Amino acid sequence: MSNLRVEHLGKSYGTANVLSDINLSVENGEFIVLVGPSGCGKSTLLRMIAGLDGVTTGDIYIGDRLVNGLAPAERKIAMVFQSYALYPHMDVRKNMTFGLKFTGVAPAERQRRVDEAARMLRLEPLLGRYPRDLSGGQRQRVAIGRAIVREPDVFLFDEPLSNLDAALRVSTRVEIARLHRLLGATMVYVTHDQIEAMTLADRIVVMNEGRIEQIGKALDLYYAPANLFVAGFIGSPAMNFFSGAVESVDGDVARVVGAGFGPLALPAGGLDRGAKITVGVRPEHLRIAADGPFTAGGVVELVERLGEASFAHVRRTDDKMLVVEIRGRETPSVSDTVTFHAPLQDIHVFDASGQRIADGHPPRREPL
Amino acid sequence: MFVEQRARSFAVHAVLIAYSALALGPILLVVMNSFKARNAIFGSPLSPPNSSTFSLIGYEKVFRASHIVVYFENSLIVTLVSMGLVLLFGAMAAWALSEYRFRGSTALALFLSIGIMVPIRLGSVAILNMMRTAGLNDTLTALILVYIAQGLPMAIFILSEFIQQIPKDLRDAARCDGVPETRIFFEVIAPLLRPAIATVAVFTIVPIWNDLWFPLILTSSDSTHTITLGVQQFLGQYITDWNSVLAALSMAILPVVVIYVIFSRQLIAGLTSGAVK
Amino acid sequence: MAEPVPQVVAQMPKAKLIGLLSLFLGPAVVIYTAFSIYPLLATMQLATFTGESGGGFHFVGLANFQTLLTDALWSTPFWNAFKNNMIFFAIHMAVQNPIGIALAGLLSLPGLKLKSFYRTALFLPTMLSVVIVGFSWNLILSPLWGVAEGALKAVGLGSWFAPWLGLESTALVTLALMSVWQFVGIPMMLIYAALLNIPDELVDAARVDGLGQLRIFLHIKLPLVLPTIGLVSVLTFVGNFNAFDLIYSVKGALAGPNFASDILGTLFYRTFFGNQLQLGNATMGSAIATVMFFIILVGVCFYLFVVQRRMRRYTF
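Chain order of the listed sequences is A, B and C.
When we follow my numbering, the leftmost residue of the first sequence carries the number 1, and every step to the right adds one.
When we follow my numbering, the leftmost residue of the second sequence carries the number 1, and every step to the right adds one.
When we follow my numbering, the leftmost residue of the third sequence carries the number 1, and every step to the right adds one.
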């Protein structure tokens with residue numbers, strides 16, 4: 001096992017820039033998740049670490065070894081593909097041992113590793129079967145098994161759960177977490193699903209349009225998103241955003257007004273009169289019967305009742321939709337006019353460029 | 001409305017049956033009559049052989065007077081070896097063209113596809129000279145080399161299409177697994193090209209088996225003749241001996257028909273899938 | 001090329017890449033160039049020479065072509081063969097392809113019973129060797145056997161019968177029809193495949209709109225398979241100008257009666273190899289082959305640059 005370091009990594013195809021100035025440091029044994037919308041460059045980054053895509057600028061170190069010029073086979077990595085990429089004409093055992101033949105591993109050792117991995121992944125009864133006779137979840141376990149037997153320094157996962165149905169996704173997710181604990185291996189995992197990211201990762205790397213937006217632990221990203229993108233990406237349903245401006249500053253209190261929410265008094269720190277800001281509140285932090293300085297409301301257009309939690313979709317005064325999570329059986333009815341409140345600690349404030357303003361200090365970025 | 005449909009369906013089947021009769025009729029006629037005695041052939045050409053008219057005299061003659069078995073063997077060798085090598089060399093070339101691209105790959109691919117449209121026969125003068133110089137005149141090897149050259153362009157085209165269908169992830173996984181490049185082709189890619197064999201076979205086997213031109217030009221001695229040439233020469237020689245002629249024709253027809261009927265499903269699937277350009 | 005060159009390939013040491021390319025491309029390129037391209041070029045080169053291999057060859061430029069096209073001794077058979085080739089081609093275009101299209105249309109009708117039987121039966125002649133086809137029809141049409149005559153008599157058309165293959169006026173047409181009989185399976189299969197590709201929804205929509213099967217075929221299916229018909233036409237063109245086997249099998253190298261069935265292929269063979277009328281002439285033979293090559297080239301270029309451009313290939 002070893003660590004992984006990516007320094008000032010960039011990737012372009014001709015004039016199209018796919019990745020810009022990526023800096024990332026993964027500790028030995030850490031589970032890192034690269035998450036972001038389609039096209040953000042997460043898969044490209046993973047493939048560059050694997051050696052399947054080339055480096056335009058920057059360096060990649062695996063275990064303190066510069067691997068830029070090395071072929072995938074020389075990097076001591078193993079990759080689990082979204083499509084599983086199992087050899088259709090080989091049975092499960094052969095699929096797992098095929099690559100080992102060429103890395104100089106003795107036959108006896110090969111069998112030992114396969115049996116060990118099969119035991120870990122409960123693949124023993126399937127060893128003689130062919131991929132076409134396996135279910136999606138079984139195929140995925142074989143793909144993982146193929147990676148395990150290579151005993152790599154770093155495991156790479158490219159959206160491994162995307163092709164599974166919802167129930168299978170949950171159970172396989174648990175499997176992967178269990179494997180990580182068992183093997184203690186360094187894992188880099190790509191997904192577009194933020195729930196997978198939140199549940200599996202030691203640290204999450206949020207990416208957007210070829211850049212890293214923020215790196216941090218799940219709860220850090222949830223409670224202290226560094227910018228508008230991370231704030232809107234993490235958490236489901238997404239955070240509610242309100243456009244506003246600073247009306248006046250009086251000492252260390254700023255009065256903020258805007259469409260869709262009531263006037264708000266915030267710590268002034270660094271804010272000037274007239275500054276444009278965005279205010280954000282999560283659906284789960286808005287309450288009806290509460291007092292909080294933040295208020296927003298409107299006419300209820302739709303209520304989604306999901307059991308313990310329901311979601312009310314409210315038409316705000318600025319004509320945008322407000323989504324609020326409501327707990328319990330008492331839910332508002334359609335066409336009710338309701339006002340919601342939230343405490344100051346649950347308010348996120350972002351400046352005109354989308355960066356977080358926290359207590360007036362400059363925006364926070366996770367250090368390398 | 002319903003009557004109309006019935007009438008239309010009847011008309012469709014009528015046409016198809018009529019044309020099928022036209023397609024199969026001549027063949028049945030020839031084969032049927034090859035088993036009859038001479039006067040029955042002329043007397044009642046349209047009736048099948050019965051106990052009094054049944055005769056194998058034509059077949060005996062063919063076996064005695066010609067080396068039909070040798071011809072058959074030669075055709076078999078030439079066709080199978082050519083097909084095998086066309087598949088092997090064609091698959092390797094198609095793989096290299098799609099995977100190991102370099103400056104000039106496209107030009108090379110274009111160069112190789114010229115042969116699809118341009119008939120190789122036109123260079124026969126030079127081919128014959130080459131074979132004579134190389135001492136390969138009148139050998140099956142000469143035929144095989146020529147047929148490989150003839151079959152490669154189409155085979156490469158068809159195999160390229162199939163190679164595109166193989167998921168790129170498999171190749172990436174093999175590379176991550178540490179599999180050497182040549183092994184990737186022979187052990188990962190090639191086994192997955194099995195469906196392509198039917199398509200390539202249709203376009204390669206039939207023209208080779210039935211070819212008259214190159215055996216005519218490149219083989220002179222009886223022992224290297226292929227079945228098509230052999231039958232043609234036999235027919236020319238024994239043209240008045242109807243029994244033998246019909247028997248020879250039938251012997252040339254029957255293996256093809258049998259193979260065709262057995263493999264017709266794969267054959268037609270191969271033709272229709274490869275034809276969707 | 002949509003996908004850029006894979007990184008592993010791009011990063012490969014030059015020597016290794018060259019080794020791989022030689023291994024994978026070598027055999028195909030060598031055999032193809034040696035036995036397909038080089039002979040063609042050599043033939044074209046030889047066409048600019050005259051003489052015998054024993055006595056030495058002399059370069060004469062385009063003189064052979066001039067002789068071929070204008071000197072009566074050579075040009076008469078040449079233009080005769082050329083004309084016959086065009087007739088041969090015209091008959092195929094007029095008979096083989098429409099029948100092939102019609103059969104394909106019938107075969108692709110939804111819910112057709114016995115479809116695989118028809119497909120197998122109709123394609124069978126194409127599998128046979130031309131020698132077999134030529135000779136079988138020769139026998140059937142022969143006045144000696146009387147099968148054809150008898151069949152025509154049975155439908156009251158007995159007076160139509162004539163020894164077509166033996167008459168100068170009808171020999172070529174008869175041979176062309178025999179070739180059509182054999183090869184109708186190819187346009188039939190190719191167009192059938194193209195028709196299969198048309199989504200059922202289009203046909204269903206037309207049926208809902210009230211069109212009958214014939215109208216659907218003429219106005220919807222046919223226009224959509226025009227690209228395939230174009231391809232079939234150019235394949236027919238190349239095949240016809242390459243034809244030799246049938247004429248040779250039925251009529252021999254002299255393509256009688258009185259050269260009435262002589263086409264460029266038999267002319268080439270005769271000139272190149274010689275026969276009882278003349279010695280083999282390699283240089284003139286090469287000239288004929290070169291002319292054939294350019295005729296085919298013109299046809300293919302016409303198809304690639306004119307026909308294919310105009311045809312839009314609809315993707316579904």
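These aren't lab readings, by the way, just hints derived from the structure by calculation.
Since the model is a prediction, treat every value here as computed from it, not as a measurement.
Just so you know, even glycine gets a beta-carbon here, dropped at the ideal spot from N, CA and C.
Take the hints with a grain of salt, since some may be wrong.
[What the hints assert, rightly or not] Okay, the calculated bits of chain B under chain C, using three or more residues with CB under 8 Å as the criterion:
{"hint": "1", "stretch": "29-42"}
{"hint": "2", "stretch": "48-62"}
{"hint": "3", "stretch": "70-83"}
{"hint": "4", "stretch": "258-267"}
[As the list claims (entries may be wrong)] Distance windows between CB atoms, simulated:
{"hint": "5", "chain 1": "B", "residue 1": "22", "chain 2": "C", "residue 2": "69", "range": "51 to 59 Å"}
{"hint": "6", "chain 1": "C", "residue 1": "274", "chain 2": "B", "residue 2": "258", "range": "36 to 44 Å"}
{"hint": "7", "chain 1": "A", "residue 1": "132", "chain 2": "C", "residue 2": "87", "range": "49 to 57 Å"}
{"hint": "8", "chain 1": "C", "residue 1": "198", "chain 2": "B", "residue 2": "18", "range": "21 to 29 Å"}
{"hint": "9", "chain 1": "C", "residue 1": "86", "chain 2": "B", "residue 2": "107", "range": "51 to 59 Å"}
{"hint": "10", "chain 1": "A", "residue 1": "28", "chain 2": "C", "residue 2": "34", "range": "55 to 63 Å"}
{"hint": "11", "chain 1": "B", "residue 1": "222", "chain 2": "C", "residue 2": "201", "range": "22 to 30 Å"}
{"hint": "12", "chain 1": "C", "residue 1": "198", "chain 2": "B", "residue 2": "222", "range": "33 to 41 Å"}
{"hint": "13", "chain 1": "B", "residue 1": "265", "chain 2": "C", "residue 2": "34", "range": "36 to 44 Å"}
[What the hints assert, rightly or not] With a Cα cut of at most 20 Å, we get these calculated SDA-like pairs of lysine to any residue:
{"hint": "14", "chain 1": "A", "residue 1": "94", "chain 2": "A", "residue 2": "58"}
{"hint": "15", "chain 1": "A", "residue 1": "94", "chain 2": "B", "residue 2": "184"}
{"hint": "16", "chain 1": "B", "residue 1": "61", "chain 2": "B", "residue 2": "87"}
{"hint": "17", "chain 1": "C", "residue 1": "16", "chain 2": "B", "residue 2": "105"}
{"hint": "18", "chain 1": "C", "residue 1": "115", "chain 2": "B", "residue 2": "18"}
{"hint": "19", "chain 1": "A", "residue 1": "94", "chain 2": "B", "residue 2": "169"}
Each hint, compared with the structure:
| no. | hint | in the structure |
| --- | --- | --- |
| 1 | 29-42 | holds (count 4) |
| 2 | 48-62 | violated (count 0) |
| 3 | 70-83 | violated (count 0) |
| 4 | 258-267 | holds (count 4) |
| 5 | 22(B) <-> 69(C): 51 to 59 Å | violated (41 Å) |
| 6 | 274(C) <-> 258(B): 36 to 44 Å | holds (39 Å) |
| 7 | 132(A) <-> 87(C): 49 to 57 Å | holds (55 Å) |
| 8 | 198(C) <-> 18(B): 21 to 29 Å | holds (26 Å) |
| 9 | 86(C) <-> 107(B): 51 to 59 Å | violated (34 Å) |
| 10 | 28(A) <-> 34(C): 55 to 63 Å | holds (58 Å) |
| 11 | 222(B) <-> 201(C): 22 to 30 Å | violated (60 Å) |
| 12 | 198(C) <-> 222(B): 33 to 41 Å | violated (52 Å) |
| 13 | 265(B) <-> 34(C): 36 to 44 Å | holds (37 Å) |
| 14 | 94(A) <-> 58(A) | violated (37 Å) |
| 15 | 94(A) <-> 184(B) | holds (14 Å) |
| 16 | 61(B) <-> 87(B) | violated (38 Å) |
| 17 | 16(C) <-> 105(B) | holds (17 Å) |
| 18 | 115(C) <-> 18(B) | holds (14 Å) |
| 19 | 94(A) <-> 169(B) | holds (18 Å) |
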